[in-house]
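Chains as they are written, first to last, in the working numbering: chain A, 1 to 128; chain B, 1001 to 1226; chain C, 2001 to 2301.
Since the hints were derived computationally from the structure, they do not count as laboratory data. Please note: incorrect hints may appear among the correct ones.
Just some of the chain C residues that point at chain B, by a computed CB distance under 10 Å [claimed, not checked]:
hint : residue
1    : R2061
2    : S2062
3    : V2066
4    : T2068
5    : L2079
6    : G2106
7    : N2113
8    : R2166
9    : R2169
10   : S2233
11   : T2235
12   : R2240
For lysine-lysine, the following PhoX-like pairs were computed, each having C-alpha atoms within a straight-line distance of at most 20 Å [what the hints assert, rightly or not]:
hint : chain 1 : residue 1 : chain 2 : residue 2
13   : B       : K1060     : B       : K1168
14   : B       : K1106     : A       : K16
15   : C       : K2249     : B       : K1106
16   : C       : K2249     : C       : K2182
17   : B       : K1130     : C       : K2078
18   : A       : K16       : A       : K4
19   : A       : K88       : A       : K4
20   : A       : K103      : A       : K71
21   : A       : K42       : A       : K4
22   : A       : K4        : A       : K19
23   : B       : K1215     : A       : K16
24   : C       : K2155     : C       : K2064
Even glycine gets a Cβ: it sits at the ideal position worked out from N, Cα and C.
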Amino acid sequence: MARKILIVDDSPISRKMLKSCLPKDDDTEVHEAGDGLAGLEKFKEIGPDITFLDLTMPVMDGAQALEEMKKQNPDAVIIVATADIQVKSIERVMGLGAFLVLKKPPTRESVGDALAKADEFRGRQHGN
Amino acid sequence: MPWRRPTNSGEDSMETELPSISEEEKDTLQEIMNIAFGKAAAELAEVINIFVVLSVPYIKVLKAEDLPEYLRYEVRDFSTISIVEQNFWGKFRGGAFLVFPADAGKALITMLDAEHETTFESGSMEILEKETLMEVGNILIGACVGKITELLGDVVTYSPPTVLVENKPHDILPERLFDPEYTAIVMKTVFRFDERNVSGFLFLVTTQDSMEWIKQSLAEFLEHYE
Amino acid sequence: MNELAQILDSVNLGLVILDTQLRVRYWNRWMETHSGIPAEQLVGSSLFDFFPSLNTPRFQRSCKSVLTFGNFSFFSQKLHHFLFPFRPESSFESRFERMQQSCSMGPLRDEDNAITGLYLTVQDVTELAAYEHRLLEMNMRDGLTGVYNRRFLEKRLEEECARHARYGRGFSVIMFDIDFFKNVNDTYGHLCGDLILKNISGTIASLIRKTDFLARYGGEEFCCLLPETVLASATLLAERFRTTIVEMKHVYQGMEISVTVSLGVAEMTAGLPSFEALLKKADGALYEAKRAGRNRVVVRT
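Build the full structure now, drawing on both the sequences and the hints.
Put into structure tokens, the structure is as follows:
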């Protein structure tokens, strides 16, 4: 399944960790960005199918980036990756249009699960 | 060129004459702290029923003898401070310092609500303040240290916390904190209890002899993500 | 019984193990002895079934924190006095109705390092606490008369001033001084002087309210701090002090001796910058009383 994935996180290690949890098939294109603003730029440029977004970033934080991305494309599937899973935080990002919240640290299982849900949703979106 | 997290103190964050920690190790430790503190904040909210915000932690490697000066610089804007100190030891060994600006104790008391079982004698406000700082401090430190060690596969023991209430920074930050031969790795985060706008710093200081174990466990942690 | 189990049952320390639901899993011999409850009765039940007074937000928070983060929790005697309401070991320790305890709590883990419960230690620190109290008391009191000493008074004055500055709560002070005390000492000796000091301080102490403070300020000088008292009431009280002392007969080696006092009264006002200024005012009044002939009350408004 060819798809473009964008990972936005200011920690290079975190990006590396997430990448390693993605399924290893050749059809997936992975793009990265190191802060919210760069992430937004990349988002506009490549129009990813799925975006992984960290919340705490400099320049433009995850919540802001999420809002902007949703404005750009209201149907975008954006998965917020965060270690802060307080109910209030989750409610806030879901309210801003996040598709789901992924707990850090990521595992192959949790990422695979999230991707499956995302694919299912996108499938329905395209009128399957 | 690898992207570098901006520093938030006036000086360069890398003391490059200390070869003991590599850039990648520092980044990994940074991410570990990120995750640990995020989880700590979430679980703290459950334990003390208050929404907590923990900022992105900041790591700095220092010579132990530079530590008191660094701490003094960090708290320079506070006229008086209260400190909760607690030591911990396991394979990860060191000390934690929670620094609050003046009046934090009183604000925290109202935060934990006023159901107090203790009977009061004269000087009771002082005692209550001290107790609240100790309790919150103990839980915060336990949460942060606990989560870091959990991620890195260690279990630590804690000493009882000690508290100093409302002193001038110059009076309580000592000249020498650790053996000058030691390297201190400072992990700093700013925490904020949203409802009462109480904020402060948490410093974790670990010593050279924990370094070997830290490097090893960081490597093991990363192995899962190769 | 293996050696560790023997230690746990003979050591002078209370040990309790609770599971994650705070049900009792272990209750050592010390706890049995001091609670009067045998282990078999407790094990399996919630701790709060037997000790409902423990079910406080603070205790719950501590348990939660230990079970969640694996940190330790501490309950010092100074702040909590005790967790378990046991009687003191010694039947003769009258200061405390309950055993004073220093307690701590820590996590228990299984082979996978998951937290499966917590342990609680209970230490009897009654004797230590009593000793500390005695030291604190001695520090606050005058050795001879048993009333408060100057150090304590000044601290209280500072606090009252702070309250006055913050909430506008007024208070007054009476300073009094035994007339011709030097003569008494020279004529009858210091032991007589001491007796008179003790008698007077004891009597005056019984005239004041629980919330008032009598302190020995100097050799023969006393100061009485009266919170929530206006000048008029303080003046009436000062006059009562005077007449009471005049009527007192001190018996020493078969002789009857009487003394009088001079008194100065002042009230805290917004114009006074500190407690020292207030004392100076009262002292000024006292001095006037002396000069005007002694055995009288002078008020400074």
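- Are there hints from earlier that the structure breaks, and if so, what are their numbers? 8, 9, 10, 11, 12, 13, 14, 15, 19, 20 and 24
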